[in-house]
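Residue numbers (our numbering), protein chains in the order written: chain A, 1204 to 1840; chain B, 848 to 1104; chain C, 1451 to 1679.
Please keep in mind that the hints were generated in silico from the structure rather than gathered at the bench.
Every residue, glycine too, gets a C-beta built ideally from N, C-alpha and C.
Take the hints with a grain of salt, since some may be wrong.
[As the list claims (entries may be wrong)] Taking lysine-lysine and the BS3-like style, the derived pairs with C-alpha atoms no more than 25 Å apart in a straight line are:
{"no.": "1", "chain 1": "B", "residue 1": "K1043", "chain 2": "C", "residue 2": "K1459"}
{"no.": "2", "chain 1": "B", "residue 1": "K858", "chain 2": "C", "residue 2": "K1555"}
{"no.": "3", "chain 1": "B", "residue 1": "K858", "chain 2": "C", "residue 2": "K1504"}
{"no.": "4", "chain 1": "A", "residue 1": "K1741", "chain 2": "B", "residue 2": "K994"}
{"no.": "5", "chain 1": "A", "residue 1": "K1571", "chain 2": "B", "residue 2": "K994"}
{"no.": "6", "chain 1": "B", "residue 1": "K926", "chain 2": "C", "residue 2": "K1652"}
{"no.": "7", "chain 1": "B", "residue 1": "K926", "chain 2": "C", "residue 2": "K1546"}
{"no.": "8", "chain 1": "A", "residue 1": "K1696", "chain 2": "B", "residue 2": "K994"}
{"no.": "9", "chain 1": "B", "residue 1": "K894", "chain 2": "A", "residue 2": "K1698"}
{"no.": "10", "chain 1": "B", "residue 1": "K858", "chain 2": "A", "residue 2": "K1696"}
{"no.": "11", "chain 1": "A", "residue 1": "K1455", "chain 2": "A", "residue 2": "K1698"}
{"no.": "12", "chain 1": "B", "residue 1": "K1043", "chain 2": "A", "residue 2": "K1571"}
{"no.": "13", "chain 1": "A", "residue 1": "K1236", "chain 2": "A", "residue 2": "K1455"}
{"no.": "14", "chain 1": "B", "residue 1": "K858", "chain 2": "C", "residue 2": "K1652"}
{"no.": "15", "chain 1": "A", "residue 1": "K1833", "chain 2": "A", "residue 2": "K1819"}
{"no.": "16", "chain 1": "B", "residue 1": "K926", "chain 2": "C", "residue 2": "K1459"}
{"no.": "17", "chain 1": "A", "residue 1": "K1690", "chain 2": "B", "residue 2": "K858"}
{"no.": "18", "chain 1": "A", "residue 1": "K1690", "chain 2": "B", "residue 2": "K894"}
[Stated by the list, open to error] To give an idea of the interface, some chain C residues facing chain B are shown, with a C-beta separation under 10 Å as derived from the structure:
{"no.": "19", "residue": "G1472"}
{"no.": "20", "residue": "T1558"}
{"no.": "21", "residue": "S1564"}
{"no.": "22", "residue": "R1565"}
{"no.": "23", "residue": "G1641"}
{"no.": "24", "residue": "S1672"}
{"no.": "25", "residue": "G1676"}
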Amino acid sequence: MNLNARIPSGPIEQRWDKARFDLKLVNPANKRKYNVIVVGSGLAGGSAAATLGELGYNVKCFCFQDSPRRAHSIAAQGGINAAKNYQNDGDSVYRLFYDTVKGGDFRARESNVYRLAQVSVSIIDQCVAQGVPFAREYGGLLANRSFGGAQVSRTFYARGQTGQQLLLGAYQALERQIDAGKVKMLPRTEMLDLIVIDGKARGIVARNLVTGRIDVHMADAVVLATGGYGNVFYLSTNAKGSNTTAIWRAYKRGAAFGNPCYTQIHPTCIPQSGDYQSKLTLMSESLRNDGRIWVPLKQGDTRTAAQIPESERDYYLERMYPSFGNLSPRDIASRAAKRVCDEGRGVGPGGLGVYLDFSDAIRRLGQKTIAERYGNLFEIYERITGEDPYTLPMRIYPAVHYTMGGLWVDYHLMSTVPGLFVLGEANFSDHGANRLGASALMQGLSDGYFVIPYTLGNYLASEKFAKVDETHPEAVAALAQTQSMTKQLLAIKGKRTVSSFHRELGKLMWDFCGMARNAKGLEQAADKIAGLREEFWKNVNVSGEAGDLNQNLESAGRVADFLELGELMCHDARVREESCGGHFREEYQTSDGEAQRNDDSFSHVAAWEYQGPNQKPVRHQEELQFEYVKPVQRSYK
Amino acid sequence: MNLTLHVWRQKDVATPGQMVRYDAPNVSEHMSFLEMLDVVNEGLILKGDEPIAFEHDCREGICGSCGFMINGIAHGGFKNTTVCQLHMRHFEDGDEVFIEPWRATAFPVMKDLIVDRSAFDRIIASGGYVSVSTGSAPDGNALPIRKQDSDLAMDAAACIGCGACVASCPNAAAALFTGAKISHLAHLPQGQPERKERSLRMVRQMNAELFGNCTNIGECEATCPKGIPIEVIASMNGDFLAASWQERPPVEIAGAG
Amino acid sequence: MASAALDSKLHRTLRFYEATNGKKTVMALTGAALWGFVIIHLLGNLQVFLGPDKLDKYGEALRATGALLWVARGGLLLCVVLHITAALQLMALKAKARPQPYVKKVATTSTYASRTMYWSGPVILGFIIFHLMHFTWGVPGIHPDFVDGAVHANLVKGLSQPLAAVLYLTAMSMLLFHLYHGIWSMFQTMGLSHPRYTPLVKKAAAGIAIALAGGNIAIVVSVLLGIVK
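Take these sequences, add in the hints, and give me the full structure.
Have a look at this one:
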């Protein structure tokens, strides 16, 4: 497998400029002759489809939701980073680059990250011009806040709905192209396979989720922007529909999967309340600015928070990380919460929760100030839990939030299958082993607005495309294979529901491949997942028919893929014998319990190559070079 | 608690539907409304019945996928709450709960509680944007915007496109939805160049989709999960009037010269 | 192209009227004109409290304007026709926009007045026709003893019929609701809304509607109680 990342040479500041000059261009008159498929309509896919349409390509854009405006990018709350340095506080492209590489625990590709930081500046301009109502100062200029422990204020935001506003900006640009006839939108259509002809991605197989009809769609290039796979854990902050199917089936057609084990756990989510729980809700990290996190000193303490005197409370983050305290980075805060709950000191039902207490802040600043700062978050919390956080401390617990892993891509965002491009959270990404807050939106829009329009043009201009249509044997075979999988799922008629399998998988993943992992657990989990998968194909009960709107069938296909991906994640986590960012191996920690990287053996991207059903995939490596930011041990003490 | 549900079941867009009664036993007060339906559905699947189809995705009140009538009120009638955020503690043991899809000609029922809201996309496609192609934007701070205007734009832009406004309007009007987008862009300098054409095109598209007419009743505002005020409808009306007044006849363009 | 095109062969005015917003504007403007008429009509009628001569002379003066009176009547009739036509068209659209009703539907915050516009309107129309037959044309059988030009006497005799009085009182309460929602709604339709002023407009609309309906009711009640003879 060829893992040439195609990184341009020269000083890092000039690489993207150089690449853009070297990239071949498609003659404006010829652009309409090229057909491009974009799967996904979130920040990455929506912006890519709109921009490619503006350039003149014939674009077909697919999403499984009823409208491109529903993509899960919409749920991002915090903000979007950009190296504008509007606050004159010492930010620069280089600093954003540096922070991102370091925050990613030195597991990201430097050149990509630098480009991301460069492009971040144009993203804000573009979004403002589209009418995204970013927060402003009284003087009329854009406001910024510091976010996720960054030492500069570089985060742009639109109340707590930044993702929504950015997505609506991209969606509106997309609708403009749909109206102009340059983009054909196919909502409620789910990609189920990739068609590879003569080694190139030439189309997809997709199911119309209303009529159940499965069709082949051909193109000259395919762009996947289908988001992350956090739902392999069943419970996560992802939308219920978020899935791995598009990238997983592309993986099975030859696209390498990069770093599948890198998952980000967000420390401040509302804890699970029962077995019926369907998803977890994130509470913005900003709450940690004023809230103090604690658990009882005593194990199994059943008293209410108010009954526990100050002397019997353990403000563990303040104790363990005196300089960062309650503002410690996400991975560190999450693991600390897990540790105290594992010790039996967790609070709330099931003992899986810690207190986030505002009583000190209310005493110091008054309830009014706290209400101004966090009023809407307190409201969300009360709506969900029925408890009033002004009088009772909030209960929070970590939850899966983002996956840094994804399909491996080179500097051009092209996967190992020529003509298959992967954007946003779906690719293995610029975030390394850990993503900084407010960087996901930046990456999605960078990929879609400013990178793919150039690199896709280069691909189209450099290749010759044989005429192929739906009757090509590869297309016919892929279609038949998809249809037979659908039939097979409906024919099993076993005794367990799809979601019972999903829940069981999620629990295995959370217990063994979650916040802390070890070799023995990972091996066990991989075995159990293989067994669960076998049972799934014998005992699942999928209701309804193939030729109908059938949500149960949709979900069954997605869970089938999760059952394969979960095993790969465990393998990847098992082989990576170090702790880095979101991947914490219990065997590899410092004496005081911090993550211990092994740069000598693991300063690389793991790219997995599919070998066939129930065959062990092959692990390839792309070595990472750190010419500018020298790896150091992260410390937040 | 134990509930009795009356749910609209409909096979597809062409087949007439009807209300069907279901028991929902042992409902926990901590469940969300959709989780309660999840549990009912698990039971239906194991019995060999088809589960109740309803649209949902983020389940945190922002994607706008979910929504249906609960006891005759869109999203159940709790302030700023979508059905995914509505928790069962608001119900009591023995309650009868009526669940129906949004009803409007422009929103055909596709299955059970799922309706087709693509009319909203077409309204946006007919002008709900600023025509600025990627790469042509000036610096983000080149144009200062009064904070109050920016805030008002944000208030209107908060719309999640769920369709509750149409559903609760006795006329099945989409004025709140269309007005929200027109008002969002009208408050910003970036929205000015296309402001007039936008209001003309979007209102005409809204009419073409066969939404009803706004009679300033205010049911939309009351059930909007994002609390968007009917002030945005006035804003749309004003823009449409001004634009109609100033609309010029098309001019024959002379040859290039 | 997916969306409605901007250019059309229709004349600009028709193109405007074709949109729901155009029809609403017509309703608002004609509504405003009719509202103006209601005010003038009441002011004229209140002269009933100043003695029989005053009202009769006022009637005479009105008739003396000749052509002008017919222009005003024509204008009012045009307003009524436009108001009703637009209302009927919008009502037809309403039926088309939701042919299948809800099994269960509950109104939340909307006012009784706003929800009943579609039938408070026809009630008022019916009343106007009755009112014209009663006091303008003096149709025998509707008015007991109509004498051309004796405005005051006609009024007192006409309103002394209990059935007619009840009809007037009912119609006036309908007018109150119709005016209340109509007046503030007119501002909304014309694009005038502001969180500071709209609540005042609504209060003013209520006040004006009560004053107008109240004024008319006062006349009926005064006749019934024998205050006006």
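Between A/K1236 and A/K1455, does the CA-CA distance stay at or below 25 Å? violated (29 Å)
Straight-line alpha-carbon gap A/K1833 to A/K1819, limit 25 Å: Distance of about 35 Å is beyond 25 Å: violated.
If you draw a straight line from the CA of B/K926 to the CA of C/K1459, is it 25 Å or shorter? Violated: B/K926 and C/K1459 sit about 46 Å apart, past 25 Å.
Between the alpha carbons of A/K1690 and B/K858, is the straight-line distance 25 Å or under? holds (20 Å)
Satisfaction of hint between B/K894 and A/K1690, Cα-Cα up to 25 Å: holds (20 Å)
Interface hint compliance - C/G1676 to chain B, C-beta minimum distance less than 10 Å: Violated - the Cβ of C/G1676 stays beyond 10 Å from chain B, reaching only about 42 Å at its closest.
Holds or violated: A/K1741 to B/K994, with C-alpha atoms at most 25 Å apart: violated (60 Å)
Has the given pair, B/K926 with C/K1652, been kept, meaning a C-alpha gap of at most 25 Å? holds (23 Å)
Is the interface hint for C/S1564 satisfied, with its Cβ closer than 10 Å to some Cβ of chain B? holds (4 Å)
Satisfaction of hint between A/K1696 and B/K858, Cα-Cα up to 25 Å: holds (21 Å)
Quick one, are B/K858 and C/K1555 close enough, alpha carbons at most 25 Å? Given pair B/K858, C/K1555 holds - Cα atoms ~23 Å apart, limit 25 Å.
Quick one, is the C/S1672 hint okay against chain B at 10 Å, beta carbons? Result: violated, 35 Å to nearest chain B Cβ.
Violated hints, listed in ascending order, are 3, 4, 7, 8, 11, 12, 13, 14, 15, 16, 24, 25; each of the other numbered hints is respected by the structure.
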